[in-house]
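Going down the list, the protein sequences come from chains A and B.
Position one of the first sequence corresponds to residue 1 (the numbering used here), numbered consecutively onward.
Position one of the second sequence corresponds to residue 1001 (the numbering used here), numbered consecutively onward.
If you're looking for bench data, these hints aren't it; they were derived computationally from the structure.
Glycine is no exception: its CB is placed at the ideal position from the N, C-alpha and C atoms.
Just so you know, not all the hints are guaranteed correct.
As the list claims (entries may be wrong) - Residues of chain B placed beyond 10 Å of chain A at every Cβ, according to the derived structure:
#1 I1047
#2 P1061
#3 M1192
#4 F1229
#5 P1279
#6 F1298
#7 V1416
#8 K1420
#9 W1502
Unchecked claim - Between beta-carbon pairs, the in silico distance windows are:
#10 L1162(B) <-> A289(A): 38 to 44 Å
#11 S1232(B) <-> R112(A): 35 to 41 Å
#12 N47(A) <-> E1424(B): 40 to 46 Å
#13 S1232(B) <-> Q356(A): 29 to 35 Å
#14 G1239(B) <-> R112(A): 54 to 60 Å
#15 G1239(B) <-> R366(A): 48 to 54 Å
#16 S310(A) <-> W1473(B): 44 to 50 Å
#17 Q406(A) <-> T1231(B): 46 to 52 Å
#18 E1424(B) <-> T57(A): 51 to 57 Å
#19 T1020(B) <-> G54(A): 38 to 44 Å
Claimed, not checked - Examples of chain A residues toward chain B, derived with CB under 8 Å:
#20 D31
#21 L53
#22 P82
#23 L103
#24 Q335
#25 M369
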Amino acid sequence: MQSTLFHRAATLLTTLMLSGVAAADWTERSDLNLRPGVTAVSQDVYNLHMIILGIVTLIGILVFALIMWSVFAHRKEKNPVPAKFHENVVLEVVWTVIPFFILIGMAIPATRVLINMEDTGDSELTVKVTGSQWRWHYEYLAYEDDNDINVGFFSDLATPPEVWQRPILSGGLFPVGSYQERVGEERVPLTRDNEDVFNYMIEVDNPLVIPAGQKVRFLITADDVIHSFWVPDFGWKKDAIPGFVNEAWTLVPEDQAGRTFRGQCAELCGRLHAFMPIEVKVKSQEDFAEWLAEQQAAAADGPDMTPFASVEEAMEMGKPIYDRSCAMCHGAQGQGQGMFPSFQQTAFMTDPDRIQDNIDILLRGRGAMPAFRAQLSPKEIAAVITYQRNAFGNETGDLIQPDDVQN
Amino acid sequence: MADHHEHHAPTGWRRWLLSTNHKDIGSLYLWFSFAMFLVGGLLAMVIRAELMYPGMQVVDPDFFNQMTTTHGLIMVFGAVMPAFVGLANWMIPLMIGAPDMALPRMNNWSFWILPFAFAILIGSVLMSAFGPGNPPAPNFGWTFYAPLSTTYGPASTDFFILSVHLMGISSIMGAINVIVTVMNMRAPGMTMMKMPLFVWTWLITAFLLIAVMPVLAGAVTMMLTDRHFGTSFFDAAGGGDPVLFQHIFWFFGHPEVYIMILPAFGVVSAIIPTFARKPLFGYASMVYATASIALLSFVVWAHHMFTVGMPLAGMLFFMYMTMLISVPTGVKVFNWVATMWRGSLTFELPMKWSIAFVILFTIGGLSGLMLSITPVDFQYHDSYFVVAHFHYVLVSGAVFSMFAAVYYWLPKWTGVMYDKFWGEVHFWSSLISVNLLFFPMHFVGLAGMPRRYADYALQFADYNWWITIGAFWFGVSQLFLLWVLIKACFLKKGEKATDEVWEGADGLEWTVPSPAPFHTFDTPPVVK
């Protein structure tokens, strides 16, 4: 991070030189150019991009060369008497008509690729992708002949908030409250030689899993605002719009089984727009079938309602859930910020009469607070509330059991 | 001429607040837009400071979104558009031999609405920045897509709606004034096809403004009723359609792009012939190309929304129409090159800015052609590639043409030549930094960095550091312009300008004294 200007320049030059190298994993280095990706479609898109980039580069060089020629050869010292011409019908017709043909030459392959990209028929796996503030929800609807899979899960950013949330300043321009205490705090170094943060911002807890060598159809929609599903290696992005179901597809070749592809939300969706990445694990068809069967078995068991034996057991389960789902707004130490309330020794978190209130808000949401009933099981909700009421100096000793959490 | 009028020229604050003089109102517009340019620039500095390194280190992600939103709004509606209206106010009467704008009181009103409109918008930013716990400023991007701006919009969204309404009223009145002036007040002998190209481009721009500003007003009014009066235009839960918002917005938004660039075409079409000492090549084809661009701008709007899931036929139609726009745009670039060709070129600052405009705008135009190709746009869309594209067109395009115009006409406005040394420093410093700022954005965009991201994955870190250096450098460079302007406008220091100012200059504005007196062309000149 404290690298010198010289070091920066050297890095830039190295990446410039490496830019011709074929696709490696996304995180390995900066690219200069579009990614060719891994599917036939993404390769088509890449080829189209290269053709058009070539054409516009040639046009640019031609125009700039003419301008530069004029700047040097037609300056006043060299050409004291200007020419008088101010029109030339032939020339004007030529430079109107030639671009027209270039455009037709570009439109034909573009149309062909587009028609292919829009054809979502004959898919073997259908996954419904739902964007919400700020996580993705994947539901497996149909695989081969099975139309009743009933497997679904949420996918959250896995980079812990204390790694990315390192503010000098708070909601406004000046550090306030708990932020003041954190000014000058020791930080995790965010450099690419630090292996702990190699996939910083593009790692999730539950990746989307798809089979290699089979056509996967995505049905893309959203719960709240518009999001956009983008995995650059698949060659497209598609908006997730509340009230609409958009279709897109991909077919990852069989030799790519075992690889992970990453992407990000590409439509501004509010405060944590940059914090809802996509991670796709591609498995071989056998591994995928096995994985899917495991998921189905787990889903068939129904939610785990066994009571907690102790506050400690519930807190141990609650802390990672809090860090993943709550800390982004309410702070890693429950300190709150701006419009997001603090949990540190507030009546809301210590008054025993308000336990039911805590449960209701978590289940159904309130104002800016999203509802979690679809995302967390009763046991997880009980665990996280127990954690909140016993961490951050609250120490109420309250233990909430899964049975207390009634929809 | 008209000495008795000078006596009645008001002084002090009344001169400015109550002004009906096209030159004073033009100056107000120009200073206002420069102030907004600096404010919008400051917001951009916050954005770039946050993005210099990975990790959130300067502001909260929501405050970051407020910065991108208000940076865009202030630059589009506060800096670029009023700058061109100011230029139109100053120059159109001088270019067509008219004594003033046709509707001088409306002219006063259309300017004085603007400070209120922006006080409301900037007020919401100040409240958010200086009062933690206050509702955030508009934070949904300058495109304010529903439902992020309706159901999920902060309380300040209503300030934003009122502010946009005021800006729209101001723009429409300004546009009406330009049309009425150009249609009715040309000097005898100044036929339409003898008008300077700057007048032509502004006339066409004014029609675009009248056509699309009401559409924007409609969009924000529908937002208002969705937010407060129980309608569901854009709310799927009530039977509405979030995509409808985007169609309406971009039906305004795409012509808006040309509203910001057509006057720039007019400016460089005035400057290049002067310093090439040769008439503009293909005057008639320039006029037709401008009109074609304006007409096509109404049938390409959905190329901003290829990823919303349109029918295939819709995508193909908008792709072909968009590609078509490059034909008249190309004609313009070729005409400028042909104007320079075998001319007798000198490179005073206005010419330097104009040549930089032609080259850098062409880069933006060519990346625009790439963006028109729908299947590839699926990759480019909403990435930094798009950010690079529209900043090349708007900063090194529209803004550079404004700089060219200021250096070109400043001696006519103030009577003194600009400070050549600091002017050169401003030019070279801006030229280098603007490319350091925007060129690497192509790379991070192609590599996969989405726009409007408060934080990013580590593979984007190197270029973002360079981009931020370029941004700070470009920001500081604009202070040189501030000094050049203060020196010429207030200190009145500098070489005395002749009436003609430039050796190769042609046009009625160069026949009046420098500085241009308070009233000009009380008796219309005769154009042969």
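Query raised in the report: Hints broken by the structure, by number, lowest first?
Result: Structure breaks hints 2, 5, 10, 14, 15, 16, 17, 18, 19, 24, 25.
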